[in-house]
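Relying on the hints, combine the two individually framed chains into one complex.
What follows is the residue order along each chain.
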Amino acid sequence: MKKKRSFIPNGVAVYGGLTLLLILGIAAFVFRQDFSGWEKRYLADAPKNGSLVQWTLNDDLETFLSDQVPFRQQLVNLNALAELYTGRAVQLGAWPVGDAAVEKPVRADPEVLEKRIAAMKNLAGDIPCLFLIPPTAGMLRMDEMTAARRALYAEESRVYDILTSQEDFIPLRQLFEECPETVYYYSDHHWNNVGAELAYRAYCLAADVKAAKEDAFTYTRYFPFRGTTYTRSGLPFVREDVLICAEPKAPVELKVQGEETTYDHLIFPEKAITYDGYEVFLNGNHGKLTITNPEADGGTLVVFRDSYASSLLPYLSVNFSRIIAVDARYYTGTFRDVLREAGSIDRILFEYSLDSLANDTSLTRKIR
Amino acid sequence: MVFCSFTFLLLFMPAVLLGYRFLPARAKRPFLLAASLVFYGWGTPSWLILLSYVMVLDYAGALLLVRIRKGRRAMFAALIAMNLLPLLYFKYSGFLQDTFTALTGFRFMSDSPLLPAGISFFTFQGISYLADVYRGNARVQKNFILFGTYLSMFPQLVAGPIVRYTDLEEQLEKPANLTTADMRAGLERFAVGLGKKVLLADAMGRFWGKMSADLPGAGIPGAWLGLMAFSFQIYFDFSGYSDMALGLGRAMGFIFPENFDRPYRAHSLTEFWRRWHMSLTTWFREYVYIPLGGNRKGERRRDLNIMIVWALTGLWHGAGWNFVLWGIYFGILLILEKKWMLGRKKTGRVPGWLYQILTYLPVLLGWGVFTGKWQVFSAMAGTWGWGSAAAGLECLSFLPMIIICAVVCFLPKPKIDCRRWAAPILMILCLAALAAQGYAPFVYFQF
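Protein chains in written order, with my numbering: chain A, 24 to 391; chain B, 107 to 553.
So that you can see chain B by itself, here it is in the shape it has in the complex (with noise of 0.2 Å):
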């Protein structure tokens, strides 16, 4: 089931918030549950095979790391690859197939397994509970309720943000008073999401789609609005699916760890990856980069850790050698930056919004690669002039909202709160766009 769906908003949502409200204390948590479960199962129940393998894997394995002396590392080994192997079949098998028959001409698969939605989000989730127990930086849950409700709660089960263990462990044992000014606050959050993700996300991707499927035509302004209408696309979805989930969340007393924080408003490149996707970022320093040393055995050493975590952080996004190489363009530049940029102090000479400016390129011609593919850079460059005249139409009507979309991805945050009066209205108009076009799926379901 997605957010944006007649099915969620309809029934689901207010059935099993309502729901949620008035049940006694003690059946919240199966309640949520079950919930979740359905929620997960509702396209395609074979799925939830693969959820429960994790979450009674990741339950029984953290209750035998606890309690075994021997082996203990070898033991985690174990389950950290037997976590990952699910993620390596269904979203790698393809790409590593497609790459040895690229190299050998001979393929072992006939065709790749189906993704199921959100494998990388509580795969990473189960693996961050069992480091952590692992590490002694976590209780052990000895409550499979409260466990699988963890690994599995509908808010942020299939698009984020990656909520450790340690950040709901105390919320999940001892919930809080749920009011009815929390469930407001959350529902408001819910619908700026759905706003961001209906109105905006999806306009612009409609634009971009349309940019991409004819780059020639699209000529200088159309594949650099193009891409620019991606950038705010990718943003959009994401970050307004983290609202929803965060609001869905505070709706049902839960506050998950905050996902972004206008990340286009970064003055480096290393403050854009402090602001974007946090939460997947937290976990490869975490999980990854200091396991590995960190900064702390040198420079070289710091830097071949750094372009590790990009490398896959790059392969998380997606299986193919573009979103590699995304990566590794990103591990370049952090490292250049941290050579050069970093340690020096800002002058006051150069205004902000440069800064920004000179932060968001990196990023949009990051998305180019990003996207695969590679004929926006040549349109861009100006390869096929200044495009159609049906493209120019395009980028014309399209204008609007991508200024729009702009206003509220550069300008900093308006110091009126206006989500209570914008919240119904947002809700309305996104009904209204569910209406007229059917719902569109979630870019961040594919990761």
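Bound-form chain A, shown alone (with noise of 0.2 Å):
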């Protein structure tokens, strides 16, 4: 029988990829982390003793060394560009349009949405209410997707589009589709600077509140920014965002609940680092914060909102001299107790994205 040639010989292929899988083994619990920033989680640490006595040793070590292996985003990655080159680009958890990756379709049931609406707008009485619902990258990608997957956008286009038809929602839609620039960053579900100030103007004009010119604001650049569709997706093509922040030239004061320290600016660069870079406005997320802006003279605005405001509220904190802004997610107290608790309110502002106003379990509890 004819031997099978190779450039490797047999021991080399043989003791050199056992050693090397030995060495990734004993090198996730040698060269084990804490946190991964690209994944945005704290990691499985290696197994106890109590894995022993609970008889646990097994998923514990498993779980430990699925996380802390070696080249593990660059294994994540080509597992992603495996699915997405056996057409399987749905199975991620976000999916690529272009050199971006965008958030599957939102599954919105129209009579939810309809009640939560009734309840925002109950809630807000006599004050002037807008809403404020950011069409999803997705949406406004469309053009760009095979028809399969625009069928299935579609039905998320025709929820947003009725209900943003209504009477006090700000429309957006048309507005972000004729921008030039891009509105929504590449690699995280938020919409970028331009898209925040787009939303600024557009909700300006529907308040008639008079929107601040460019020279109001200091605008800072961080890079790379790489957010939550990236992490979903797992594709190492998705493109680097650069975060662009706009911070008030006025003299503006933070203070979040909970907090003893009074913030005097809106962008906290340090966070730009971190895992992830979107806190770098407002700090991150918190349950209930105040700006207040002694030279602006729109009085009280109570917003209440999901991530996307976190880039609004600089913008919106020109024109108002306090902002109460209250995100349901981690507020432990109903709407109602903002608004007793608040005093004077001018206006109320609703900013909630289609998956946040219809699959946000909390609002339901915090709008009666």
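By construction, these hints were calculated from the structure, which means they are not laboratory data.
Incorrect hints may appear among the rest.
[To be verified] Stretch-level coverage of chain B by chain A, calculated; a stretch enters the list once three of its residues show a Cβ under 8 Å from a Cβ in chain A:
(1) 192–205
(2) 261–274
(3) 335–349
[Unchecked claim] Interface residues of chain B toward chain A, partial, derived using beta-carbon atoms under 10 Å:
(4) Ala495
(5) Ala496
(6) Leu499
Every value quoted in this text rests on a predicted model; they were computed, and no experiment measured them.
A virtual CB, placed ideally from N, CA and C, is assigned to each residue, including glycine.
What follows is the structure, encoded as structure tokens:
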């Protein structure tokens, strides 16, 4: 029988291969990390003595190795590419569109939306209120998708259009679609500074407030930024973003509920280099925060919001002497409590993504 | 422990294979036995008690069988019963309980026990050893280490192939010189098996999982493609495991019998079962069908024997009526095929691929019975139309993988042996898939 020839001798292939595998296994213990920045989560620690006592060593060790295996990010990237190039892009946590990754289509039950909107309007009572619902990045880039994927976004798009065609909803979609610049990050589901500024100007127009000019802000750039859709997709070619942050030149103060410190800035550069660069705005997510600007004359604005508003609030702070922003996911009280405690309120803004508005369970209890 | 886990791939396998390679010959078997026990007891150490029970029972039972003259038959029957008892308790007590409760409304057990991995495999290996010793086909093994190594050898312990003692006797007693070429060939086969499991079977499993979760939504294409995906999943899962077992065995100098021979290329159901899980088919033929009389006692008795064997085969695969039905379904089809099809000569007018399809179709429908998801037949028949857009997108997205699987299953084996360069690539891709998705247990562990 003819012997197989190989460029790599058998000994090198066998012993080298097995040793390499063993080194990878041992390296997981030696070079273990507590936190994975690109995945934005804490990693499993090595199994403790308790694992043996509780007979969970198998699962604990597997979880540990799976989290700590060397080159994990490259391996996840490789797997994402394998999924993509075998046609299974839909299996990824976020879908690639060009050099961006966008969130999967949102499932929104129109009945739930209707109930929540009614409850919010009821909550606002006589106070003038507006709704700001950002269109999703996927919805805006449907033209670049295959027919099958477009069909899935079509439903989300239909629900969005019906919802935002109502009175008191700020029209954003057309504005975003007609904007020559990219309004969303490539690697994150949020709007970028262009999107936030467009939303700000649209709000001012709808609320009959004079929008500040660009020279009312200082712009700072932070690079690179890779957000949640990059993490979820795992695709290495998703473009790195530049975080451009607008900080009002006016003397603003930020007070976060539950914290002693009062900050004299809304942008936190130190957060730009952490695992979640988006926390550069307002120092991350908070249940309730208050921004004051003694130079503004717009009175008090209460914003019930999700994370999209983090980059919008610095713009709004130029116009309102007091902004109270509440995030239902982290705020323990009800929205009525907020309104009662706020005293005099001039306007209310409900800023929610379609996903938050339809599926955030914390909203149901808080808008009653 | 499972093969497709980081614990196995990055720690256990390299450590054991390197250790086994460099240990002196006399230490190899005890080392392998110890490694196998660690492998088996890793997740649930209490299962070692069960494995040890079967090991000691069969070792001592065989020694007794060759020593006593009177009552050998009764002794043999008792040993078989004692082998089957744990299997009956762990695997079938829940099934018996459910059936009994459905008939009488009375429950005699509160909970079903947790099924130990591979119990069906090592029990059948033990029985085959006792039967071979009883019938004089095998010499009794007096060395407990060697016998223990045979019964618990980790490559094939939990999911086969079911290796008969006579296949390994000589290899255990007179180990062949282990070469790096053997080790390399074994590791290459292991990588191919791992690729089948992690890259193909798991992908197909995910698709079938999605379709079977909402069969009305899946519609006609979702149900057909979903069931096809399941047929590929179960094939790649099990044949992948067999490849890994054979590969690891070879990397340690053992040659196990082949378990799969591209079964979806079969031209008849009889041929399909000669190519699918060959070690189980052989086991049932040797230890059930032939002792029952085989085809030596007339056609009626042969048909009855076939039905018994297939009902048992179904039951071996799982404790549920769907598995029994699945076995009976194949029993009936095989009898019909024997009566009307196999005797006839192929005319040559019918192309081979048509025979392949005509064989695959009943096998596919059989998998529908096997899954126990009866709605799949309604969905395939079009009861719920063409399904939802979301299911359509899933079908489209998995179509390339389904086509890849179909090509691997249905087309002839490529003439170029690409294992040498494919193995490292498959290994890296598998590590990538495991890093991304965690580890998934083998389907065949439940059997």
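For this session: Double-check Ala495(B) for me: the hint is only fine if its C-beta lies closer than 10 Å to a C-beta in chain A.
Result: holds (5 Å)
Exercise. Was the hint right that Leu499(B) lines chain A, CB cutoff 10 Å?
Worked result: With Cβ-Cβ at 5 Å, under 10 Å, it holds.
Problem set entry | Status of the hint placing Ala496(B) at chain A (closest C-beta pair under 10 Å) | Result: holds, 6 Å to nearest chain A Cβ.
Exercise. Checking C-beta pairs, does the segment 192–205 of chain B have three or more residues closer than 8 Å to chain A?
Worked result: Since three or more residues must qualify, the claim that chain A covers the segment 192–205 of chain B is violated, with 0 doing so at under 8 Å.
Exercise. Do three or more residues from the segment 335–349 of chain B put their C-beta atoms closer than 8 Å to C-beta atoms of chain A?
Worked result: Violated, because only 0 residues of the segment 335–349 of chain B bring their Cβ atoms closer than 8 Å to Cβ atoms of chain A.
Exercise. Quick check: the segment 261–274 of chain B, covered by chain A? Criterion 3+ residues, Cβ under 8 Å.
Worked result: Per the Cβ count (0), the hint is violated.
Hint compliance for this structure: hints 1, 2, 3 are broken, all remaining hints hold.
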